[in-house]
Amino acid sequence: MVLEKYKDILHRCYKCQYCRTTGPNLFYNGCPSYTKFRFETFTGGGRMWTARGVYEEEFGFDDDIVDILFACQTCGNCSTQCIYPIKDSILRIIEATRAEAVKAGIKLPGRQKDFGVHMGKEHNPYLEPHSKRLDWLPKGIILPEKSEMVYFVGCTSAYRQKVLAQDTVAVFDSLGLDFTIMRDEWCCTSPLLRTGQWETDYVSASKIAQHNIEEAKKVGACKIVTTCSGCFRTWKKDYLEEYDWLLNSKHDFEVLHTTQLLENMIKNGEIELKNEVKMKVTYHDPCHLGRHMWVYDSPRNILKAIPGIELVEMPRTRENAWCCGSGGGVKSGYGEWSVETAYERVKEAEKLGVEAIVSACPFCWRNLDDAIKQHNSKLQMYDVIQLVRKSMGI
Amino acid sequence: MSQKKLRNPNYSSIRKSLESIVGKNFVSDRSEERYYYSSDPSAEEPCTPDFVVMPGSVEEIQEIVRLANREKIPLTPRVGGMTLSGLAIPYGGGILLDLKRMDRIIEVNEDSMYAVVECGVTTGQLKTYLEENHPHLWFCQPHAPQSVGVISNAIIYGAGQVSLGYGVSSDMINGLEVVLPTGEILRTGSCALGKSWLTKYCLPDFTGLFLGWFGATGIITKASVQLWPKPSIRDTMFYKVDTVEDTVDILLKLTKSEVCDDIYINSWTGTSTKRFYMSQKPEGTPEITMDIILSGKNQEQVDLKKRMIGEIMEEAMRKGVKVEEFEPPLMLKIAMLMVPQPLPFMDLMLGGGAEYLGCYIPTEAMGEAYKRGIEIAKKYGFQYLHVVRPFRTGHCTGIMYAFPFDKRNPEVVEKLLKVLVEICDMAINLGGVPWKPSPTVQKIVLKHADSQYVQLMKKIKTMLDPNGIMAPGQWAL
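Taken in order, these protein sequences are the chains called E and G. First residue of the first sequence? That's 29 in this note's numbering, and the numbers climb one at a time after it. First residue of the second sequence? That's 634 in this note's numbering, and the numbers climb one at a time after it.
So that you can see chain E by itself, here it is in the shape it has in the complex:
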């Protein structure tokens, strides 16, 4: 049992419920799952107790447990706000319990199993053929076969928010960066790790991770750059620290998020942001970039460097940011609630009187944009890279 790894931790949640609000001074709802379902079992601590109940055989895996385990974006508000040393284990315990549930043959919510099965065959969770993965690449852009820097596109930009991949490549190209993409890029494995579909009879997360690492080596990569916060977390944290024991995925690549790369270049005077982008915006911290990886300032510093941008903050910001609602398998498992969660963020932004929400993750982009459209909000949705491109005038 994977939960065995956490036997010295499982009993140490004291039910103090820091995990469900923001903090440390102002206490807003911070946990989308608790805000929706309201029983304390739907908090980080509640899920620790559920894991403990499973481990101590108080109950097993039946239909009752599905929502408690899977209706959670694993946004990390709980692990950020918890004041005890167990905080760093909360998300891993939730994911480990999900893995146990999958192993026990539980019925996964919504389309989670569908994407898992599809990933085993076509290496993406969007039920798209692998053969179309490079369709986003604009004609006329010719990238070298080999380069020390690889732009890891990720499934969302490759199949859904293609414009973000196109903008990234256009910006990199215009800056004269020597980079390429992996012609046989597979999903980073984040959707599998987050939903407990680690090693099943239909998909193997380790096989996929190892494939990506081998591909990166083949093109001679030293540096991996991602625009997707989920891919960033997976390459930098899961492959190297949290799941290397499962994925056998240690590597030596330097991993950067696009915002980190561009922030450095702006600091060094290597980017000319010449065009004014006159717009009042707010920045939404992606969980996988912010709380999971502590990258809060890079995207903000880029926005501040763009002439004309007025950046204002939402009440729940940085480590207290309200999740966009799509992570942890929730977009595929609980589609309606996922957008409902995003709409709460949209309303928070609307109250500021901004024209746009800016984020740094195609998955957040997609869900926030879904909420904007479903609710006829006047807000526009941007990724940092889109505004950089606008300001560069390319």
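FYI, nobody ran anything at the bench for these hints, they're computed from the structure.
List time: in silico BS3-like cross-link candidates among lysine-lysine, alpha-carbon distance up to 27 Å: (1) E:K35 / E:K135; (2) G:K1092 / G:K833; (3) E:K64 / G:K657; (4) E:K190 / E:K401; (5) E:K35 / G:K1048; (6) E:K332 / E:K375; (7) E:K64 / G:K649; (8) G:K966 / E:K115; (9) G:K873 / G:K952; (10) E:K295 / E:K332; (11) E:K135 / G:K657; (12) E:K35 / E:K278.
Once you have looked at the hints, place chain G on chain E.
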């Protein structure tokens, strides 16, 4: 520790009735919820509810109470469940009422300074609301997690950041709305006369029928709690004092000087997690650290208060007392002023258990209660961790005995229960009263209590709750 897993024989029909009252989404009989809500970190034995129910209105609570009376099933109300003394464990099974959906802040009166809140409003929620909408006011916010209920804290005589000046939060209730154990609604204080939640003055006061009863006499659904002017400038002073005897002398002077907003006296074991693991006090370590919070309308007033505190300390030093001012890390100072911080002691033994037995004692008996607490803890092999806070200009002082422990070890739990019983006995003999006593400690309190007092408690309980459905296990008379 074994759990009592009860199942009411009419379980299916009760479930249907509950669903028709609050809606399907707010009734659970899932094993996971029943397990979670069965326990708290205290040494008290868990007990599993049949149902966890989240009502959304007073009318829904009334209907649930009527159902419970018809079916003769227990009802245990709960908000944060953070008493660390088993006060929200659903003894007898039945229905655990999680009241957090009733979370409206109904009114804030700026001029008469009170807030009317529903039972599910948490201290974190009220603090945030006041900071955003009435930044010149604050309330008796406890040094506890923000999930603690405002009303829950008030009905257990919880202390907060204004307690040295104005008393504990139970002193600050203007009136209550209560669903009685038979389903009727009672209002106490001026709201019994009409719409005003101004005060409980001048009328026969029924508020006390619900304070300190831990839910055994009804479910409080609304309360008017007093607010206070929030000081413009706040500051801190920190001292180390060599002995607890010297600390008592200093404390008596500080409280009567009326210059401090709050005083925390911590045993050396409680000042940092690292020190706690030492079984012996390192040589030269003072027994006590004293954290003082003060405030003023301007810097001049703050400086004057600091000088007055300094003079009290200098006077003590002239008499040979070893006392020394020190500067803690800046982050600690900021945290103390920003929001009341609970002592993060619970995980010190990595064991999932934490008790926090308090006793409200005469201020002059603090030294004795402190030392006897050490003796009792040592007798059973526990490290001690004491926190002391005076209330209401020193009219009484709370001494809290904190015990993180390994809840998985039945021998440890058994020993700890003995410790709690002995401390309770000791505190009562020193003229004190146990604070938020667990059911185990309640038995000792009742043993000490005057027989007429106990008889009246029984009469009140029987009169209000003829079927004995409310919070069984609390004050089991």
